[in-house]
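For chain A, the structure is supplied; the task is to place chain B on it using the hints.
One letter stands for each residue in the lines below.
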Amino acid sequence: MSGHERIGASRRELLIGALLVGGTLVVGGTPALAAVADEADFVAFGPFVRIAPDDSVTVIAKFSELGQGAQSGLAALVAEELDADWSKVSVENAAADVKLYARGGFGIQLTGGSGSITDSWDQLRKAGAAARAMFVSAAAAEWGVPAAEITVENGILSHAGSGKHSGFGRLVAAAAKVTPPAEPKLKPASAYKLIGTNRVTRLDARAKSTGTARFTQDVQSPGMLIAVVAHSPRFGGTVASFDDKAARKVAGVVDVVQIPSGVAVVASNTHAAIAGRDALVVQWNDDKAEKRSSGAIAEQYRAMAHGTEAVQWAPFDQRGDAAKAFDDPARTLDIDMTQPFLAHASMEPMNCVALVKEKGAKLTFGCQSQTMDQNVIAALLGCDPSDVEIETLPAGGSFGRRSVATADYQKEAVEVARRMKGRPVKLVWTREDDMGGGYYRPLTHHRARVAVDAAGYPSAWEHRIVTASLMRGTPFEMVIKDGVDSTGVEGVQGSPYLKATPVVDARAFHPETKVPVMWLRSVGATHTAMMMEHAIDQLAHRAKVDPVAYRRALYAKAKAESHLAVLDLAAQKAGWGKPIEKGWARGVAVHECFGSTVANIAEVSLVNGEPRVRRVVVAIDCGIAVAPDQVRAQMEGGIMYGLSYTLFGDVKIEDGIVQNRNFDGYRVLRLEEAPIVEVHILPSTRTPAGAGEPGTPVIGPAVANALLALTGKPTTALPLVKA
Amino acid sequence: MTKLNINGKDREISAAADTPLLWVLRDEMGLTGTKFGCGIAQCGACTVHADGEAIRSCVTTVEMAQGMRITTIEGLEAKHPLQAAWERHNVPQCGYCQSGQIMSAAALLATKPKPNDAEIVEAMNGNICRCGCYNRIVAAIKDAAGVAA
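From first to last, the protein sequence lines stand for chains A and B.
For the first sequence, the working numbering gives the first residue as 11, with consecutive numbering after it.
For the second sequence, the working numbering gives the first residue as 1335, with consecutive numbering after it.
So that you can see chain A by itself, here it is in the shape it has in the complex (with noise of 0.2 Å):
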């Protein structure tokens, strides 16, 4: 095809182009490019931008695609400076490369901590704007017109004087050879036609609405292998032995290894795999093996709480004289808070594909973590984490699971890969192995001993906190400050209720845990927006003061301007204090986590003893909201997510072994429990901040807030409903 010709002579030229100046095209400010400059794939405008000759933008998102949509965000970022043609821009996943791709602060390439566009904001509208600068720069050498006088709209260089216009494609190869601006120029906020508008849609939709888009599931590929691993029932189990017998004699099984995990069932298809696993059987040692139940370990962390076991609690936030401060119980209030472990219960269960090579290995998954994976597997297979090739596909949703420190799925893939060299191995989990499979949000308790003041405010604050550590043994240790996992308190910390209150006295106890904990959407606030939340909402009614009017006073104490922004704009889309049907009640709570601060008013109704929640009036300050629509969706979504696990999610652990593996077992929110969401977003200057996780955790609270208005009983314990 003649097309295909031009576009690779083009290709060529840009590469030449590139040489010619060498290091000097970093566009976007990554000052590593230099040392990759050698690279086949390096390119004219810069790591995260490509321009073909025939018009088409491709944006290089480094943050993954796992739901969350922030990769239509990147492109507009690119686009807006620009000044592209929205429906010419596409999006690609980067490789795994941790010199060009490391997002600020991490010093690492992954998606999480809701930071995509805040880390991107800048980088990306520079890309964009100095990938501009390049194209008028070389319309004006090839038009002879002075560059000030060029503009560019919708993908579309013009000079008005003499007439002449031409889009990106035809210029990629002079624009390809001019040295970028080291500052490129960007838009004032007054100039965005892209940025904040509905115009932004998922880039994604068609693909994902067609079957088409491919997910790790789908990778098929000539002599692929499938791989089922039969796991330990218990956490910290290993294989004892195991009689294959039956298992090599189902059609399609081709081997039967054993890999640190467990044991591997490898097969010509998934079918064969799964049925390979039925038949295989483990005897498995337990001796170093959880055995408790994990109502066992809640009333542990119980007796912890409330120092009927004894543990070396980590102060984190201390103020004023604690000692005589609760000595009056006429104005005390004592609230506990036990809150399940979690799965995170994706769609699409963990899986990953592995080639092990002479050197090296290719993955190709969903990838969220790419450097922490390549140096997990480096590590594994003794090569240098570059020798780890990665290819990101989109991932079936996440919420964390897929972004583990110790990458044990994609681990456990080439686990079998390495067995099977040569060809690749697609390890497929089924739905109960990746609910079985731990990595859970870490079963927690908190405690509170909260002093009023005559008026019934706090006047003295005592909490305890016992939760698993989430960042022990990962990379991130370093947030552990003397014995305090900030992810573990955080929300507790630092919130405005406690800066409100003039004695604090607040620590908390990190269990070592047998069950796997991860971080789960939206992290420590997933537990302490509820704690604190349902904690004010006590308090206010034990103060006999409205809970919007309690909040309000609170936060102008503690000067939380977000806070009393969206409280007050919630209050009036949701109509509050206004009267409301019989045997429904409105609850309010109001979370601050990733930069963003979202109020939620929920209208809340028992029905057969379940609650029924019917609509939702969020409202977020997220800085500038680069893709509204977008933050829309993960505020409806967020709320779906938190609306779930509180009324459902709870791991059951029984003798050691996780009871409920599958949907039938792990409740889940369906369409007839769904309530409808209304966001409202706050207008705003500020550098944009996070989306993804901030509408999770409010409206648990929302929830327990409204039933304390219904039935003036506070909720002690989650799930909501008991199974």
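Please keep in mind that the hints were generated in silico from the structure rather than gathered at the bench.
A few of these clues could be false.
[Claimed, not checked] Below, simulated DSBU-like cross-link-like pairs (lysine-lysine); rule was C-alpha separation at most 35 Å, straight line:
#, chain 1, residue 1, chain 2, residue 2
1, A, Lys98, B, Lys1413
2, A, Lys569, A, Lys554
3, A, Lys255, B, Lys1337
4, A, Lys592, B, Lys1448
5, A, Lys98, A, Lys174
6, A, Lys372, A, Lys187
7, A, Lys592, A, Lys732
8, A, Lys588, B, Lys1476
9, B, Lys1476, A, Lys98
10, A, Lys569, A, Lys334
11, B, Lys1476, A, Lys583
12, A, Lys203, B, Lys1413
13, A, Lys195, A, Lys174
14, A, Lys583, B, Lys1448
This is chain B only, laid out in the frame that chain A set:
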């Protein structure tokens, strides 16, 4: 060899009679739009049509599917109004459940072109979306059906 009618064509299938249709579609036919989510007909990600009715292919064996007209997302009429509505409403997030959602919705609209709220809930309640796109799923179905939101 077994014969199955998939997306309007008779196909020879080598898989055993007790093999779930899901794995035949995905692994043998390469029709990967139909997804594996739970394997026990709880999540709906594997929804296809059998003689126009929405069924869960993960619990439907080759034997059961014989003699039926099986339609997958790949065999849905080109540019189905639901798919256009899905795009207009930016419905998908991770997207993994959406083939199943659309297949359930398409079966609904084929029999009830103007569904009411209760009919939408009944048709769609078996399809889990962990990203929580439920509001938009309902909005897109109503949009495609031309009923008031």
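Evaluation of the provided hints:
| no. | hint | in the structure |
| --- | --- | --- |
| 1 | A:Lys98 to B:Lys1413 | 20 Å, holds |
| 2 | A:Lys569 to A:Lys554 | 23 Å, holds |
| 3 | A:Lys255 to B:Lys1337 | 32 Å, holds |
| 4 | A:Lys592 to B:Lys1448 | 32 Å, holds |
| 5 | A:Lys98 to A:Lys174 | 21 Å, holds |
| 6 | A:Lys372 to A:Lys187 | 34 Å, holds |
| 7 | A:Lys592 to A:Lys732 | 25 Å, holds |
| 8 | A:Lys588 to B:Lys1476 | 31 Å, holds |
| 9 | B:Lys1476 to A:Lys98 | 29 Å, holds |
| 10 | A:Lys569 to A:Lys334 | 27 Å, holds |
| 11 | B:Lys1476 to A:Lys583 | 25 Å, holds |
| 12 | A:Lys203 to B:Lys1413 | 30 Å, holds |
| 13 | A:Lys195 to A:Lys174 | 24 Å, holds |
| 14 | A:Lys583 to B:Lys1448 | 31 Å, holds |
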